[in-house]
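Chemist: As a plain string of letters, each chain reads:
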Amino acid sequence: MVPGGRALMGDIVGWFLDPAHLNGTGSIQQRLLEHIVLCAAALLTATVIALPIGLYIGHTRRFAGVAINAANIGRALPSYALVVMILPVSLALSPEYGLDPIPTFVAMTALAIPAILIGAYAGLRSIDADLVEAGRGMGFRERQILTGVELPLASPIIVGGFRTATLQVIATATIGAIVSGGGLGRFIVDGIHNQDYTTVIGGVILVSGLAIGADFVLAGVQRWVTPRGVKLAAARRDEPSDVAPPVPSPSTP
Amino acid sequence: MDLSIDWGWLADHVGAMYERFLQHLQLVVIAVLAGFVIALVLGIWAYRRRRAYAWIILVAGLLYTIPSLAAFALLRPVTGLTLLTALIPLTTYTLLILVRANVAGFDSVPADVLEAAEGMGYTRRQRLLRVELPLALPLIMAGIRLATVTTIGLATVASILGESFGGFGFFITEGLNRFFLTEILAGAVLSIALAFAADFLLVRLERRITPWSRAGAR
Chain Y
119 MVPGGRALMG DIVGWFLDPA HLNGTGSIQQ RLLEHIVLCA AALLTATVIA LPIGLYIGHT
179 RRFAGVAINA ANIGRALPSY ALVVMILPVS LALSPEYGLD PIPTFVAMTA LAIPAILIGA
239 YAGLRSIDAD LVEAGRGMGF RERQILTGVE LPLASPIIVG GFRTATLQVI ATATIGAIVS
299 GGGLGRFIVD GIHNQDYTTV IGGVILVSGL AIGADFVLAG VQRWVTPRGV KLAAARRDEP
359 SDVAPPVPSP STP
Chain H
2 MDLSIDWGWL ADHVGAMYER FLQHLQLVVI AVLAGFVIAL VLGIWAYRRR RAYAWIILVA
62 GLLYTIPSLA AFALLRPVTG LTLLTALIPL TTYTLLILVR ANVAGFDSVP ADVLEAAEGM
122 GYTRRQRLLR VELPLALPLI MAGIRLATVT TIGLATVASI LGESFGGFGF FITEGLNRFF
182 LTEILAGAVL SIALAFAADF LLVRLERRIT PWSRAGAR
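Chains as they are written, first to last, in this note's numbering: chain Y, 119 to 371; chain H, 2 to 219.
Please keep in mind that the hints were generated in silico from the structure rather than gathered at the bench.
Since the structure is predicted, the reported quantities are computational estimates derived from the model, not experimental observations.
Check the hints yourself; a few may be wrong.
Stated by the list, open to error - Examples of chain H residues toward chain Y, derived with CB under 7 Å:
1. 67
2. 70
3. 75
4. 78
5. 154
6. 173
7. 182
8. 185
9. 193
10. 198
11. 213
Note that CB positions come from ideal geometry on N, CA and C, so glycine has one too.
Chain H with its partners taken away, still in its complex shape (with noise of 0.2 Å):
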């Protein structure tokens, strides 16, 4: 391998990066996305019956075991070369960190918090929307910021699935086939600084959404 950097191919492909940048962020913000959906619905349930949260997080524990690599080339004969067959396991692998930290934000709410609010006639719903998820958001968003940086990891590995996938990835496993450092090197070096761009702006997002809370993220 050429160990030298070839700036040229740089300064010709940043109309690609641009693409694999945009391609890499909508895998990661529609994974995350219908993860917390999923994960909200999974957190409320099992915040008011435990039972049921030893179940999920068993669920979701498996699911988040299967190695990334594994669960890709496993649906890829089943869902064929889709979205789908990247999105799947990148949505399954946020559900174990987002559902944890939803019912940990839940459950940092103060008992005489809940006991105020139902004294003042909040129905169950309302409590839910304007008391307990409020003060869960510090929590919830410790979550999100894990399982963004997390995911943005893992779609890179999607890139063995074929050319239309990966992100940023795409340029690692086409940089690997071709034995071209300069290309594997960019590849890596934009999906580390995206992990890092993104934790640092969802950091930004929580601190103005919960501006009661001085403490930040834990």
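This is chain Y alone, in the form it adopts within the complex (with noise of 0.2 Å):
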């Protein structure tokens, strides 16, 4: 079933230097930035509404039970059906805007939430208590504790679980194109539409591509958010870097 592999390569650059893929409607530059532009979106909102209500519950630790159960939804829920459940309410709401990439975009926001806020909510949590009280004891109000003692402490698992976050939302931006829709999903989906799997394979690069070079990024912003002194104690046990969050993370790739 497979062509020559070299025959492939050829085939597969070709396609990438192809001009029609290069400008114009349906170009690599087009699905790129609608592919961009749609997870930024959902990543924003998501943020927006998770992050204050994980930060409010890894303070006050009131309300602990709705973010465990968040979360345990949101990682049963698969994306594609998500995406899908979601398009019949909107061609309900707005039969012409109904295809758009409104239900891709109100899915990502969905899976993104349960990752943001519990990546917010067990970063606060991860705080040893003693250091709060120290802040207390120094007088610090409450908003100062969050933002002098928490934040910068929870910051590497905050940061961890908008990682996770964002990888969700860029395979989830992806299955859209099963529906509707731009981005880089496109290519996959009509290059299997149309047995042109020279399409498939520069769509699969692209997209595993701005994944992996997304979380490259912000694994970068994680090292670099990590307070100095929390690297230092974790050098003295001689831990793992590995700064991920002691939640499992609820993600679906």
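Using the supplied hints, reconstruct the complex from the two chains, each of which is provided in its own coordinate frame.
Modeler: Okay, structure coming up:
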């Protein structure tokens, strides 16, 4: 079924260089931009919703059950099922816009919320209660404790939750192309449909590259936000520098 | 799209749903079991050699990063329309979750327990089988739960490969192609229900096999 390996490589390089894929509607740039804009919009919306809630629950330790249940429900929701289930709702609300990226966007946002919420909650929970007490003893107000003590110490885990959400969102935007809209998934879905594997592989390379690139950048951010004292303490304990959240991440690739 | 539910279609397709249920189950059980065996070997290796752990997590993380639709599409010209095309990505996706969980499980065994086992003259192998593995079970089971639920969701995406794939996902994809709401909802609701049911059953199983830990899942 596979054509000669070398010929395939040539086809793929040719696909990337084909002027038809570089300009105009359906060009690589356009699809990449659509993918990034859709992901960024969903992540931003999810962050605006989930981060304050996660920080509130983590700081006050109130409604912790809500956070844990949100994570459990979030990870049990298959993204493909969610994307297609939202389609009829958006069609019912607005027959004209039903096929726009809106169903995919809503599903992506809904799937990103649990990871970000749990990241914020688990981040604050991971902090030694004595440190918070010390802050209180020094006369910090609650707000100052949050911004001066809790946020810096929790930031690696908070970014970890955001990292999980980002992978989730990039993958869901790809799946979204099965239903409607643009993004890099278009190449994969249309390629499968037309039995055009050069286009499929081109799409696979682009979307995997985007996901790996985004994850790499966020891993850098994660190291950058880790306070120096935490890094030193981790090195002293001779632990692996893997700063993954202690709660299993609710991700679906 | 007609937004009403076609109850007649649902009644006519109970048999087809059962077949897709078995297919979904087959994909998930094989992928999670294969992933678990690989992750157990890798986990024991990583537990004994920390440097290997960093490398295993790097590779598993890279595989985990590839979006599912891309992975299925990529394998289709290589392995063709066989079960392997669906199973290989589903299995590799479980590795990151399961290796992390297994290593965390082994790490959770207290050092004095290990010393006690040594003092009783256990060999390394006996210690692994009779002490470390049972005590690591709660965290290992938490990993299996997460991997199972994730795999149930991902298996639906395999339906893009063709009619013979994807379990309940088949209804979602066929329903989309026919623009038929009832079938889409049937596939989506059934796969979500399967995920919740599997999670529930695994929690019960975990309580049963670790009667000594009252805490249950973390």
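Chemist: May I ask which of the numbered hints given earlier this structure violates, with the numbers listed in increasing order?
Modeler: Violated hints (numbers, rising): 10, 11; every other hint is consistent with the structure.
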